[in-house]
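Taken in sequence, the protein lines are chains B and A.
1186 is the number that the numbering used here gives to position 335 of the first sequence; each next residue is one higher, with no gaps.
136 is the number that the numbering used here gives to position 116 of the second sequence; each next residue is one higher, with no gaps.
These are calculated hints, taken from the structure and not from any lab test.
Treat the hints with care, as some may be off.
[Stated by the list, open to error] In silico SDA-like pairs for lysine to any residue, Cα to Cα no more than 25 angstroms straight-line:
#  : chain 1 : residue 1 : chain 2 : residue 2
1  : A       : Lys22     : B       : Leu924
2  : A       : Lys22     : B       : Asp905
3  : A       : Lys172    : B       : Gln914
4  : B       : Lys1054   : A       : Lys131
5  : B       : Lys1054   : A       : Ala45
6  : B       : Lys1261   : B       : Gly1376
7  : A       : Lys78     : B       : Leu1057
8  : A       : Lys78     : B       : Asp1381
9  : A       : Lys22     : B       : Met931
10 : B       : Lys885    : A       : Ala49
11 : A       : Lys131    : B       : His1164
12 : B       : Lys1054   : A       : Lys22
13 : A       : Lys22     : B       : Ala1161
14 : A       : Lys78     : B       : Gly897
15 : A       : Lys22     : B       : Gln913
16 : A       : Lys131    : B       : Lys1015
17 : A       : Lys78     : B       : Met931
18 : B       : Lys882    : B       : Arg1130
19 : B       : Lys1131   : A       : Leu26
20 : A       : Lys22     : B       : Ala1066
21 : B       : Lys1054   : A       : Trp48
22 : A       : Lys22     : B       : Asn896
23 : A       : Lys78     : B       : Thr1059
24 : A       : Lys131    : B       : Leu1416
25 : A       : Lys22     : B       : Leu1276
26 : B       : Lys1054   : A       : Leu124
27 : B       : Lys1054   : A       : Leu26
28 : B       : Lys882    : B       : Leu1416
29 : A       : Lys22     : B       : Gly1376
30 : A       : Lys131    : B       : Asp905
31 : B       : Lys1054   : A       : Leu46
32 : A       : Lys22     : B       : Gln1061
33 : B       : Lys1015   : A       : Pro109
34 : A       : Lys22     : B       : Thr1059
35 : A       : Lys22     : B       : Glu1056
36 : B       : Lys885    : A       : Ala45
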Amino acid sequence: MINELLGIGAIYFLTLVLAWPLGRYLARVFKGEKNLLDFLRPVENGIFRLSGIDARREMSWQQHLVALLTINLVWFLLAMLVLSTQGSLPLNPDQNPSMSPDLAFNTAISFLVNCNLQHYSGESGLSYLSQIVVITFLQFVSAATGIAAAVVVFNALQTRATDKLGNFYNYFVKSLTRLLLPGSLVVALLLAFNGTPMTLQGKQELVTLQGDSVAVSRGPVAAMVAIKELGTNGGGFYGANSAHPLENPNYLTNAIENIALVIIPMAMVFALGFYLNRRKLALMIFGVMTVGFVVLLAPTVYYELQGNPAINHLGVNQGLGALEGKETRFGAAASAYWSITNTVISCGSVNSMHDSFMPLSGLTQMLGMMTNAFYGGCGVGLLNFFAYLIIAVFIAGLMVGRTPELLGKKIEAREMKIAILVTLLHPLLILAGTALTAHLYAGNPTEYAGWLANPGYHGFSEMLYEFTSASANNGSGFEGLGDNTPWWNISTGVVLLLSRFLPIIGPVAIAGLLARKKYVPESVGTLPADTATFGVMVMAVIVIIAALAFFPALALGPIAEHFSLY
Amino acid sequence: MKQHLLPAFRLTLVLLVICCLIYPALVWAGAQLAPNGGQGETISHRGRVVGYDNVGQKFTRPEYFWSRPSAVDYNSAGSAGSNKGPSNPEYLAMVQARLDTFLLQNPGVPKAQVPAELLTASGSGLDPHLSPAGAAVQVARVARARQLDAAKVQALVAQHTQHSLLGPDRVNVLRLNVALDEL
Chain B
852 MINELLGIGA IYFLTLVLAW PLGRYLARVF KGEKNLLDFL RPVENGIFRL
902 SGIDARREMS WQQHLVALLT INLVWFLLAM LVLSTQGSLP LNPDQNPSMS
952 PDLAFNTAIS FLVNCNLQHY SGESGLSYLS QIVVITFLQF VSAATGIAAA
1002 VVVFNALQTR ATDKLGNFYN YFVKSLTRLL LPGSLVVALL LAFNGTPMTL
1052 QGKQELVTLQ GDSVAVSRGP VAAMVAIKEL GTNGGGFYGA NSAHPLENPN
1102 YLTNAIENIA LVIIPMAMVF ALGFYLNRRK LALMIFGVMT VGFVVLLAPT
1152 VYYELQGNPA INHLGVNQGL GALEGKETRF GAAASAYWSI TNTVISCGSV
1202 NSMHDSFMPL SGLTQMLGMM TNAFYGGCGV GLLNFFAYLI IAVFIAGLMV
1252 GRTPELLGKK IEAREMKIAI LVTLLHPLLI LAGTALTAHL YAGNPTEYAG
1302 WLANPGYHGF SEMLYEFTSA SANNGSGFEG LGDNTPWWNI STGVVLLLSR
1352 FLPIIGPVAI AGLLARKKYV PESVGTLPAD TATFGVMVMA VIVIIAALAF
1402 FPALALGPIA EHFSLY
Chain A
21 MKQHLLPAFR LTLVLLVICC LIYPALVWAG AQLAPNGGQG ETISHRGRVV
71 GYDNVGQKFT RPEYFWSRPS AVDYNSAGSA GSNKGPSNPE YLAMVQARLD
121 TFLLQNPGVP KAQVPAELLT ASGSGLDPHL SPAGAAVQVA RVARARQLDA
171 AKVQALVAQH TQHSLLGPDR VNVLRLNVAL DEL
């Protein structure tokens, strides 16, 4: 057990050590200062020339958003087209069929919004062409979209009054060429050398030692797994995602993948500090995020190492913890650690099956997605946190009777309205979606019997988890849910769309509005935002808005199940 | 929006070439240097490939070490966990049944020594490993079925146990069974 705890400690420490310099590097990249990969500039210029883009043209926040949404629309159409015709397109050695329209809609949206709500299983649901042209492609560009939006906010928070916030295509392309592509190349090769396949050949038929005939699924796995983690998308090549022993062959690859998925969200926080030259502010944000992360992590590791009390009653040896849905090579601790990193970061890849975790671990996983800002997804985690920050500044300002200001810009009613709308959207989508579905199910349990794999409280948790995951753009699931039906495909598809683009549009709009305002130098009358006291304030806002809103729903699911089991 | 549509379209085409052609090609080229040319490591026995190092297999005969239960019955063209919740009565009955079966087929093993991993399905359904305890509890049965000295089988298990500084110790079931057949 000590080995296992040391293991997760080492993974966290390594992530932190790597994220700090990466943050400094990212700040230099996006400020246009000299950096390590400047030799790629001709490549970037080539990309811009071929696309007919002038990457030096400054954009207002509205122009940024129009550019962002337009290119996302193009990707959606491309994805729909390929998924619904993949059966007759090339690179399909296993002869997998085309997707039904509602499944194609759900899959296209899901990856477009950097989520991975996979209502299919990779081995039988996608051709290699779809795996590469739809899934891998969207994993790159959707992550870059999130990072670019966060950089627009960085730019807007500088101490000057302006309308010009840099060029969207510039930020977007540089996120790819300077970060995601080189990073993925390194991770993919590390995986390939540890046994992850990277081939275009189909399944291998063989006869096992005992004499059974099996076919082993292969494919261009390494390339995709690298970007699925680094871009915090999480969509696995195989159905079992990173629990699959070819997708994640050993403890080392598990550590590499786990570091890869946390590193950019962490580095973006540091990058904010370096970019604005406000390191203390970045540390305050990082501190709040880390406290939230650890509070969710500790009970999960504890309960998973303790094992399932119902199995303890059988009188067997459960010394290694709860192992249903977990792999021997990772163990209970590293599985619990992975599940929390993946839910706070809206990555959604899994190395163990969340459905089989202890009830309170399921609760912490859901809380990670409900707050959705402890580190958070590539770029967007910081945007969510920014909305909480605005609300905290406003409330704190009112409490002490000072004008609410953030970084020398006044926060007024308009910004506040946007921030509140964005943060309340999340509980609305989750709770309304779950309520509606539970209503449907309760009205006709026989017709919808295929939805739930588990009875009672746990069944309710499965539905709640699915909408939480969709609204957080996470993509993991309590996979017992029979989710490839028109109701789930369409309802979660709509939730995904709303919960991706509104939380990007809102914070970018706030930042754009702030950027225009006159800069008021900090004085004794200013409420400092980079102190521990203010950190506590932000945490309180997150707890009240994000966590408490969900308490009644959580009481019906995981909390009730906990008390029935312990 | 109109002025962004054409650049968006062209940029998408350029990025498709970079992300979907050049990037995978680079990874593929690098993977050619990896063990077995990036196709996953395989294990051979008596001149034929009997499986992948990293893909678990089903073993039901008493002379082999058994892998963990699997929700997909070790069908390596698919992969999944059971997704059973911890309080599901049907699931707990299944665990109890697996325990009863195991005790019946391994007479003399006390219940308290049976590790829970042998009663619970893995996340992928293709878990290639057992913990040392999961192998140890099967030694007596395997030795009896093969008419070998239990100490010899025990030594083979010890030899195939992979220790690591971080993370759990484990035994690769297929490698262990191949070694048994080669004794």
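To see whether the hints hold, each was checked on the structure:
no.: 1; hint: A/Lys22 - B/Leu924; result: 12 angstroms, holds
no.: 2; hint: A/Lys22 - B/Asp905; result: 16 angstroms, holds
no.: 3; hint: A/Lys172 - B/Gln914; result: 74 angstroms, violated
no.: 4; hint: B/Lys1054 - A/Lys131; result: 40 angstroms, violated
no.: 5; hint: B/Lys1054 - A/Ala45; result: 20 angstroms, holds
no.: 6; hint: B/Lys1261 - B/Gly1376; result: 13 angstroms, holds
no.: 7; hint: A/Lys78 - B/Leu1057; result: 13 angstroms, holds
no.: 8; hint: A/Lys78 - B/Asp1381; result: 57 angstroms, violated
no.: 9; hint: A/Lys22 - B/Met931; result: 21 angstroms, holds
no.: 10; hint: B/Lys885 - A/Ala49; result: 31 angstroms, violated
no.: 11; hint: A/Lys131 - B/His1164; result: 12 angstroms, holds
no.: 12; hint: B/Lys1054 - A/Lys22; result: 45 angstroms, violated
no.: 13; hint: A/Lys22 - B/Ala1161; result: 61 angstroms, violated
no.: 14; hint: A/Lys78 - B/Gly897; result: 53 angstroms, violated
no.: 15; hint: A/Lys22 - B/Gln913; result: 14 angstroms, holds
no.: 16; hint: A/Lys131 - B/Lys1015; result: 71 angstroms, violated
no.: 17; hint: A/Lys78 - B/Met931; result: 38 angstroms, violated
no.: 18; hint: B/Lys882 - B/Arg1130; result: 16 angstroms, holds
no.: 19; hint: B/Lys1131 - A/Leu26; result: 42 angstroms, violated
no.: 20; hint: A/Lys22 - B/Ala1066; result: 49 angstroms, violated
no.: 21; hint: B/Lys1054 - A/Trp48; result: 17 angstroms, holds
no.: 22; hint: A/Lys22 - B/Asn896; result: 23 angstroms, holds
no.: 23; hint: A/Lys78 - B/Thr1059; result: 8 angstroms, holds
no.: 24; hint: A/Lys131 - B/Leu1416; result: 22 angstroms, holds
no.: 25; hint: A/Lys22 - B/Leu1276; result: 30 angstroms, violated
no.: 26; hint: B/Lys1054 - A/Leu124; result: 37 angstroms, violated
no.: 27; hint: B/Lys1054 - A/Leu26; result: 40 angstroms, violated
no.: 28; hint: B/Lys882 - B/Leu1416; result: 54 angstroms, violated
no.: 29; hint: A/Lys22 - B/Gly1376; result: 47 angstroms, violated
no.: 30; hint: A/Lys131 - B/Asp905; result: 72 angstroms, violated
no.: 31; hint: B/Lys1054 - A/Leu46; result: 22 angstroms, holds
no.: 32; hint: A/Lys22 - B/Gln1061; result: 63 angstroms, violated
no.: 33; hint: B/Lys1015 - A/Pro109; result: 61 angstroms, violated
no.: 34; hint: A/Lys22 - B/Thr1059; result: 58 angstroms, violated
no.: 35; hint: A/Lys22 - B/Glu1056; result: 51 angstroms, violated
no.: 36; hint: B/Lys885 - A/Ala45; result: 29 angstroms, violated
Violated hints, listed in ascending order, are 3, 4, 8, 10, 12, 13, 14, 16, 17, 19, 20, 25, 26, 27, 28, 29, 30, 32, 33, 34, 35 and 36; each of the other numbered hints is respected by the structure.
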